[in-house]
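Asks: Taken in order, these protein sequences are the chains called A and B. Residue numbering for the first sequence follows this note's numbering, starting at 29 and increasing by one per position. Residue numbering for the second sequence follows this note's numbering, starting at 3 and increasing by one per position.
Bear in mind the hints are in silico, worked out from the structure with no lab data behind them. In this text, all values refer to a predicted model and were calculated from it rather than measured experimentally. From the three backbone atoms N, C-alpha and C, an ideal C-beta is built for every residue, glycine too. A hint or two may mislead.
Pairwise CB distance ranges, derived in the manner of DEER restraints [as the list claims (entries may be wrong)]:
hint, chain 1, residue 1, chain 2, residue 2, range
1, A, Ile96, B, Leu5, 38 to 46 Å
2, B, Gly200, A, Ala312, 50 to 58 Å
3, B, Leu135, A, Ala324, 55 to 63 Å
4, A, Pro95, B, Glu180, 28 to 36 Å
5, A, Phe338, B, Gly200, 36 to 44 Å
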Amino acid sequence: MAKKSFRQAINEALAQEMRRDPRVILMGEDVAGGQGAPGEDDAWGGPLGVTKGLMPEFGRERILDTPITESGFIGAAIGAAATGLRPVAELMFVDFMGVCFDQIFNQAAKFRYMFGGKAVTPVVIRTMFGAGFRAASQHSQCLYPIFTHIPGLKVAIPSSAYEAKGLLIQAIRDDDPVIFFEHKMLYDDTDDVPDEPYTIPFGEANLTREGGDVTIVALGRMVKVANEAADALARQRVACTVIDPRTTSPMDFDTILESVEETGRLVVVDEAHPRCNMAADISARVAQDAFKALKAPIRMVTPPHVPVPFSPALEDAYIPSAARVIEAVRAVTA
Amino acid sequence: MQLNREQLLAAYRMMRTIRAFEDRVHTEFSAGGIPGFVHLYAGEEASAVGVCMNLDERDKIASTHRGHGHCIAKGCDVDAMMAEIFGRAEGLCGGKGGSMHIADLDKGMMGANGIVGGGPPLICGAALTAKTLKTGGVAVAFVGDGGSNQGTTMEAYNLAKAWNLPAIFVVEDNGYAESTASNWSVSGTQLGRAAGFGIPAVQVDGEDFFAILDAAHDAVERARSGGGPSLIHGRLNRYYGHFEGDAQTYRGNGEVDRLREQKDPIMRFRQRVTEAGLLEGSQLDAIDTAVAAQIENAVMKAKAGAMPPPAALLTDVYVSY
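Isolated chain B, as found in the complex:
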């Protein structure tokens, strides 16, 4: 899939935004400003952006507990996201969801999910809606290597195939389910599992934006044209712990530093587009500067935001009761 210059700049901006957002949340969490659990997506940006560059407003995604990157890639408002993570009234969910349940249904983002494996059955439903109402839309479930072991995920594979749904499963295998290695916990292979359900699947370098972009393009085409579900297995890496505060003693010595130096998806994107003469380094530098200012502004606004009023405790449980 060929992207024009504007699209390449948009993709870079999205990846940079995710990175800057997550780096800043890491800092703010360490400083004590953010309550609760936070799971960061830094290092995995190519996956969310590579997939979502193929989607439009008809399409739905379901995310995982590590959901900020998927939110940004699907177009959620960054200021409202930051406010949500700070628990503010101005947040994307009015401060009632937080990092783990951040969502914007208007953008087709059906939520980060506090339950591992929670998303795939929901995405079968979103795909069923698209099929029944003939919207032309597709639905994408992002799943971690941990989530890939849940029964719900495999039930969703089976159902998506039996109902021939426009569904796409993106297994983001960052090597660790919490502290347990995927090369120990995942029996067989992700591709073998997909094959077992008769679902076309590809394995890609999950830190190569262009590889993911192409794999997702094929999967989206298949889904839109009535060809049913697909699976993409991307091997990638997270730079921070399972959650913020995870000492990551289970990782190898110097592992994350090596990954950052040698495999970083944003660095690789930059190299590729500048070496090919598609974009200038200065254009990308300008984006870095703009994004840094945007995130700074988002944090300032979030901190200055209002706490939800006490009355909000009791609202939004039912449409009517």
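Only chain A is shown next, with the shape it has when bound in the complex:
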């Protein structure tokens, strides 16, 4: 086991699955890069270098650069999945879903149901999300609540390098369409990541720490923020359980409900816009099914209901911070 970055963990998962199964292919804008250009081949390996080195090993027949044509190639990935391949399509930024959403929610998500259970569409759509990159409104959104809303899709949101490798291998081996969210601020985070392939099952939450006073649920990069807050609170003798659901569809509500039954207090930290986000979804479920266990109102820590701003001063104020999580925990334990 070696320390590997989130980026390396994803690259390794892709390479190992492509070696294992010749039906796995990768496509996307500049996933190799340099195609048809006079300079270097494999010039980019994706805009942040996540897929660098795959094309030299697997060739351009399995690592397909695409034109900038999200509707076209996401649709092609779905059509290929429905006819026998296991494509991993990289949609550079989740914000670009706006131009290919039909192919995802009207085609991929619905084939199995509409066709009476006869379709199998094992496509993975990898996409970068999240604020903090100074990339402003059209390259920083979270948007996983929108996909979680659609029956037929699965949604995975790794919070560390270890989680990223295991969840991605699971996604590739999964027979349903999976939207795989990679927080762009996590790519350089390192973790102990086993060299051999392994899977993390969908729908099983991970308790990153256990404590009896408050349950904190967080996703993606917010798991880090929640743990930072929990560390500080521990020094002040407030013991938190931090739950990372790992996938929002399927969602492990049972683990969250069991924890709230014990602690009686819930804080949900979500980087998505506050309306109809995962925080609201989890809070509603807990209010319905564990109301009697609650000793204080649920608190949701989210950004304000505004687009992601550009200026670092504004963006830093936008993103939920450990300080805001601590404040919320203080409020529910007061």
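With chain A's structure known, arrange chain B on it following the hints.
Replies: For chain B alone, kept in the frame of chain A given last:
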């Protein structure tokens, strides 16, 4: 492309089956037995059959909202299709898809599609599978004149060319996207668009079975031999409205009657093969009789079929969840 007698009889039977199926769905819909939206293919039979006569079990097609004809031409079971349209458990999709999403992946029929322009990107994917797995298969997207204006369609042209895919785009231009005329809504020409993407294209009389058969033959040969995508633009006509219940006030006086009398693709096929002495009128009459009985039987079975059980509401969303 020369067809032998058996193939000619099969082609005629397929076209007649589509016509009889659609005429009957029209009647049954008017009588109130069929729920939802139905878009009929009557009048366009030569296109689906002319193209699909060139395909085999390796090949995939993606259809449009007007999908029954493509289904029949690709070999879908007629009884199961009728049951599907009636929303029955015995339907091709267990009653969960209906007319607009009727599909049979085992037959290479990747679905009628409720989204105009939904099919072409999917067909690039099916063509990519054929190319990657070296199956020798080709993939065909049927697109209406309305669908030809969607960005997805033009993205698919570009992608098919850039990836040199064994893909074929068949633009079935029936003159109207819903109620809006294609001679107003389509800027430039279909051939000009294909040329813009460097895709070989031909325009054919979309009601001439033999013209489509030959055009599709060339396109399929090109695709199978690694020559990349092609486009076929067929000008044809639909006999019914955009959807069942469309009063079609946008059409000219007597337009459909004239088309039926003068341009009907089945009538023209019949004339051509009997005048050339390839088939006897009596052989074709026998097919008409057999098909009428087949459709009658399909409707009786569909009506007698079971409604999907309540439990079916919750199944088939995921492979596992």
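Asks: Which of the listed hints are not met by the structure?
Replies: Failing hints: none at all.
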